[in-house]
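Student: Here is how the chains run, residue by residue.
Number of protein chains: 2
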Amino acid sequence: MKLSIVGTGMIVKELLPVLKELDLTLEAILATAHSQKNGEALGQTYGIPNVFTDYDLLLESDCDAVYIALPNHLHFSFAQKALEKGKHIIIEKPIVPYIAELSSLYQLAKKNNLIILEAMNIHYLPAYAGLKNKIKDIGDIKIVQFNYSQYSSRYDDFKKGIIHPAFDKEKYGGALMDLNIYNIHAIVGLFGSPKTSSYSANIEKGVDTSGILSLDYPDFKVSSVGAKDCKAPIINTIQGTKGNIVIETPINSMTKFTINLNDGASEELDFNQGKHRLFYEFKKFNEIIDNSDTAAANNMLDISIQALRILESSRITQ
Amino acid sequence: MKLSIVGTGMIVKELLPVLKELDLTLEAILATAHSQKNGEALGQTYGIPNVFTDYDLLLESDCDAVYIALPNHLHFSFAQKALEKGKHIIIEKPIVPYIAELSSLYQLAKKNNLIILEAMNIHYLPAYAGLKNKIKDIGDIKIVQFNYSQYSSRYDDFKKGIIHPAFDKEKYGGALMDLNIYNIHAIVGLFGSPKTSSYSANIEKGVDTSGILSLDYPDFKVSSVGAKDCKAPIINTIQGTKGNIVIETPINSMTKFTINLNDGASEELDFNQGKHRLFYEFKKFNEIIDNSDTAAANNMLDISIQALRILESSRITQ
Chain A
1 MKLSIVGTGM
11 IVKELLPVLK
21 ELDLTLEAIL
31 ATAHSQKNGE
41 ALGQTYGIPN
51 VFTDYDLLLE
61 SDCDAVYIAL
71 PNHLHFSFAQ
81 KALEKGKHII
91 IEKPIVPYIA
101 ELSSLYQLAK
111 KNNLIILEAM
121 NIHYLPAYAG
131 LKNKIKDIGD
141 IKIVQFNYSQ
151 YSSRYDDFKK
161 GIIHPAFDKE
171 KYGGALMDLN
181 IYNIHAIVGL
191 FGSPKTSSYS
201 ANIEKGVDTS
211 GILSLDYPDF
221 KVSSVGAKDC
231 KAPIINTIQG
241 TKGNIVIETP
251 INSMTKFTIN
261 LNDGASEELD
271 FNQGKHRLFY
281 EFKKFNEIID
291 NSDTAAANNM
301 LDISIQALRI
311 LESSRITQ
Chain B
1 MKLSIVGTGM
11 IVKELLPVLK
21 ELDLTLEAIL
31 ATAHSQKNGE
41 ALGQTYGIPN
51 VFTDYDLLLE
61 SDCDAVYIAL
71 PNHLHFSFAQ
81 KALEKGKHII
91 IEKPIVPYIA
101 ELSSLYQLAK
111 KNNLIILEAM
121 NIHYLPAYAG
131 LKNKIKDIGD
141 IKIVQFNYSQ
151 YSSRYDDFKK
161 GIIHPAFDKE
171 KYGGALMDLN
181 IYNIHAIVGL
191 FGSPKTSSYS
201 ANIEKGVDTS
211 GILSLDYPDF
221 KVSSVGAKDC
231 KAPIINTIQG
241 TKGNIVIETP
251 INSMTKFTIN
261 LNDGASEELD
271 FNQGKHRLFY
281 EFKKFNEIID
291 NSDTAAANNM
301 LDISIQALRI
311 LESSRITQ
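In order, the protein sequences belong to chains A and B. Sequential numbering from 1 applies to the first sequence in the numbering used here. Sequential numbering from 1 applies to the second sequence in the numbering used here.
Hints listed in this document are in silico derivations from the structure and should not be mistaken for laboratory results. The reader is advised that the hints may include incorrect statements.
[Unchecked claim] Covered, in the sense of this in silico footprint (three residues per stretch, anywhere, with C-beta under 8 Å from a C-beta of chain A), are these stretches of chain B:
{"id": "1", "segment": "142-154"}
{"id": "2", "segment": "179-191"}
{"id": "3", "segment": "198-208"}
{"id": "4", "segment": "215-223"}
{"id": "5", "segment": "303-309"}
[Said to hold, decoys possible] Simulated coverage check for chain A against chain B, where a stretch passes if three residues somewhere in it have a Cβ under 8 Å from a Cβ of chain B:
{"id": "6", "segment": "63-71"}
{"id": "7", "segment": "79-90"}
{"id": "8", "segment": "237-251"}
All of these numbers come straight from a predicted model, not from anything done at the bench. Glycine residues also receive a C-beta, built at the ideal position from the N, C-alpha and C atoms.
Take these sequences, add in the hints, and give me the full structure.
Tutor: Right under this line is the structure:
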């Protein structure tokens, strides 16, 4: 695919060297007037021929797909415009804040034979595929405890009154949208939708700086922590009647996990292939878009909808 | 004190060698007709002069205090009778199922100048005292995740239809009453009462075989797991704005903990004195009763009431 990139932030800087390993063409990058120099430097480093500051011009350019890596509140309008211009879209997580918006994008994509993908890397990690395979070995699941706590340097700014998008309630920031979203996707990808969910959050200046999401499934219960105001040694645990699985990294960078069976047997399964955690998703996105694999895209979009249902009902809106 | 023991179960067998290290007199032990041989063997091993199968006879004997280690549904009636006979009481956890019952016991004890103590060992552990001391070092608390998961061999029986008291809904069994109670006491002892609590449980045959208790405090949130149908590597974490504390054992047998500060400094604090985890509580109970230290007893009873408030509002009653 020929890909254009919208945004010059941290995730773009992390992704660009990864994209160089894939068989795709980088067509253009969009910067703001403020970040134009930054965009030009990225263009030069990664051989992106066009650096725009006007989104309309970028959409006129010859690309198949647009990757939208902007603050959350801009996802919908930028995605809508790209679809209207006949571009497939890859949207950075969390895809959009509202199910109604996603439905509207989906209708537009369907009408124009276009694909919508959420850049949620978990689903494409080899270790996550391994986890899905092995989870049956621990019997009936009873308790799941996930934790993604990462102290944000932007929390210090936030305390001083300097509000970055990830802490801005108007821009759909907060710990649930920024970090717990990974746990939610991992859980929904493993287990589907819960019966009910509830979110107990620490709220400062109207935004959740951390919180515990409780998910109620018919036969097991889930507690999922996301925190940007504190950190902890990360340990994700899935407890079943025959054993448990432990993942000792944030779920979105898992490369291995340990299965401990009740009889004492313990095994570490390592899926590390030496690739960056974002490699696998963009490899797959490239295939899906090149092959117009709408079925695969819709399967992934189903998971996005299930995750979004939890987000929309739990998100702090005060 | 002169102590009589009511019950011959696992906890009594664990406690008796510990009591031999303390400066107290074992006066009598109560067995059932069914467990009389067991009681006599314990009497012989630990030099307990009287072995009764009739509770009235035990209460006529010359003891200051009665330690009640029976299934949960019997705590209240046995405690009430002991108080009526002028005996101080130590009740195995969880103290009684209802606040109204505890109030009634308290009135009776007050009238007769007697002491009520809950055998909840956490509050007396040196490592727990150390934790209370050090918790200020991790800044403002944001997230607490406790987990007491211990696969019970009696769960296998339970599945087959053989219902032991700890799995019997009629006898106030279940994971909340049996295991999560330790977490609750530890949390209430550190932080006092939450604003609200809610319990999401896995229920089989009307009893919670595992579950996640959510406690909502004004400035932080708590998730506390108790499970008897599965197990996990136990990790209890307290996350603050300046660092976190990790306890890698069930909270009721903690001897050490680790403080990890956000700046990278990490310290393990070890309070192990080579004593059994039950040593410290009975040492203190002995002092409280010998000195008629009603103030100390009432302080501890306050914590029992706070814990009981959570239990009573969360317990599965279906």
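Student: It remains to establish, for every hint, whether it holds in the given structure.
Tutor: The hints, checked one at a time:
no.	hint	in the structure
1	142-154	holds (count 6)
2	179-191	violated (count 0)
3	198-208	holds (count 4)
4	215-223	holds (count 6)
5	303-309	violated (count 0)
6	63-71	violated (count 0)
7	79-90	violated (count 0)
8	237-251	holds (count 6)
Hint compliance for this structure: hints 2, 5, 6, 7 are not met, and every other hint is.
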